[in-house]
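Read off the chains here:
Protein chains: 2
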Amino acid sequence: MGGIPAVKVDEKIRVSEIFGPTIQGEGALIGVPTVFVRTGGCDYRCRWCDSLHAVDSEYRESWKAFTSQEVIDEISRLSGGVPLMVSLSGGNPAIQPLGGLIELGHAKGYRFALETQGSVARRWFADLDLLVLSPKPPSSGMETDWGLLQDCRNAAQGTDTILKVVVFDEADYAYAREVAKRHHDLPMYLQPGNHTPPPPDDDKAVVDQNGIDERMRWLVDRVTADKWFEARVLPQLHVMLWGNKRGV
Amino acid sequence: MGGIPAVKVDEKIRVSEIFGPTIQGEGALIGVPTVFVRTGGCDYRCRWCDSLHAVDSEYRESWKAFTSQEVIDEISRLSGGVPLMVSLSGGNPAIQPLGGLIELGHAKGYRFALETQGSVARRWFADLDLLVLSPKPPSSGMETDWGLLQDCRNAAQGTDTILKVVVFDEADYAYAREVAKRHHDLPMYLQPGNHTPPPPDDDKAVVDQNGIDERMRWLVDRVTADKWFEARVLPQLHVMLWGNKRGV
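Residue numbers (this note's numbering), protein chains in the order written: chain F, 681 to 928; chain X, 681 to 928.
One chain only, chain F, in its complex shape (with noise of 0.2 Å):
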């Protein structure tokens, strides 16, 4: 009797967007159809970051308190009720309580990724489906805590746990191949960053979508050329497609 409760499930998540359903542009999960769950907030300030309108506390105002209940309520609003992927995202969402989510969207089939850089540790990382680790190489101008890393890895347990790195040149990928390095059994997804993020309140603005092809076709090149075929090369298939433009 008592004990206190792993989770606090009418503790209020900080939520910037919650759009879909379309398809996952990115990482393992590229081309499944996904409600995305923006959380607002982020401990980490990326120069290339391309969800500022969620990262940076200016917005703040725009971002609105929810319930574990209303955000599946939500979800399943745009799902039609119907159980599909749904990707914790943001900003940084390991910083907002979601176990209560996680637990509340299983109960009626849907499964959950989640995408941080891997600075904060949650107990509830056990409960994902995918926990997708994206720590940040140094043109972000971030420093990694390797250790911090790792706790979210042990977090975790038994889920199935992917890295990513955006790669801009060649510091970062020397990064890439360190953390490859350090987690040699996690599967290794590398993305060509995008160089032209969207201004966080113009999502019409121009992406140069032929330098960053450009970028990841060096990357090929780069990752064939060191034998590297553990490693995973895939774009940002949503701004192929869309651009920057938000909410698909």
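What the hints contain is simulated information worked out from the structure, not anything from laboratory work.
Backbone N, C-alpha and C define an ideal beta-carbon position, used for all residues, glycine too.
A couple of the hints might just be wrong.
Said to hold, decoys possible - Covered stretches of chain F, going by a simulated chain X footprint (3 or more residues, C-beta under 8 Å): (1) 699 to 705; (2) 907 to 921.
As the list claims (entries may be wrong) - Residues of chain X placed beyond 10 Å of chain F at every Cβ, according to the derived structure: (3) E697; (4) T702; (5) Y869; (6) V886; (7) R912.
Starting from the structure of chain F, add chain X where the hints point.
Chain X alone, transformed into the frame defined by chain F:
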């Protein structure tokens, strides 16, 4: 003593081209560094075939007869002897004697995926690491023999098997749904068709990527509107990145 060997290892394989490593551009292994072995000859004549140089007998003088050992030697040369994924495609690679190649490659650590329309079943499908069954929709002008497709599944036994259907229009989409209904236990990948496939002798021919992207967006809308959330929608990434250029 005696008995007929299941695989005659000295049988020759008709090869159109061997190239790579590059990344797999389609389906379940999208983004995976891969060497491609494209065999020559096909029992189908799809209207929109993008590999006519490996299909039409007009080009057969460009195909070479290789032993399994010669093929594995070439793969090994291209990959610097480092094992990776090998994609067996065509034409229809199922009409070639590939059992010996798979056996030789496995002994060196290579893995093998094979892509076929599912019109010819082989005992050695069971030795693959992935079988991609890509039955052809109405726009191809071909008719699916559902019994033969089932025979291919049966031959694969425990081997991972997925479905991939190219979709040009509503009729193709309805066909994909029919395939999924008949094989609801297999993962389904949908791929927008390329209405500007390369002429066999001109790999600089222009691709209407905008038109293909438009079809891709339509397909995503179609799938999500139908709440067909088990389907996965992926483009031909290599066409997006390299157009109709060969060898990438």
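- Task: Mind verifying the non-interface call on Y869/X? Its CB should be farther than 10 Å from each CB in chain F.
- Result: violated, 7 Å
- Taking C-beta pairs only, is R912/X more than 10 Å away from all of chain F? The claim breaks: R912/X does not keep its Cβ more than 10 Å from every Cβ of chain F (closest is about 4 Å).
- Can the segment 907 to 921 of chain F be counted as covered by chain X under the rule of three residues or more with Cβ-Cβ separation shorter than 8 Å? Satisfied; 11 residues make the cut.
- Query: Hey, does T702/X actually stay past 10 Å from chain F on C-beta?
  - Reply: violated, 6 Å
- Message: Verify this label for me: V886/X is non-interface relative to chain F, using a Cβ-Cβ cutoff of 10 Å.
- Response: About 16 Å separates V886/X from the closest Cβ of chain F, which puts it past 10 Å; holds.
- Verify that the Cβ of E697/X lies farther than 10 Å from every Cβ atom of chain F, and report whether the claim holds or is violated. holds, 17 Å
- Counting residues of the segment 699 to 705 of chain F that have a beta-carbon nearer than 8 Å to any beta-carbon of chain X, does the count reach 3? Since three or more residues must qualify, the claim that chain X covers the segment 699 to 705 of chain F holds, with 4 doing so at under 8 Å.
Consistency with the previously given hints fails for numbers 4, 5 and 7, ordered from lowest to highest.
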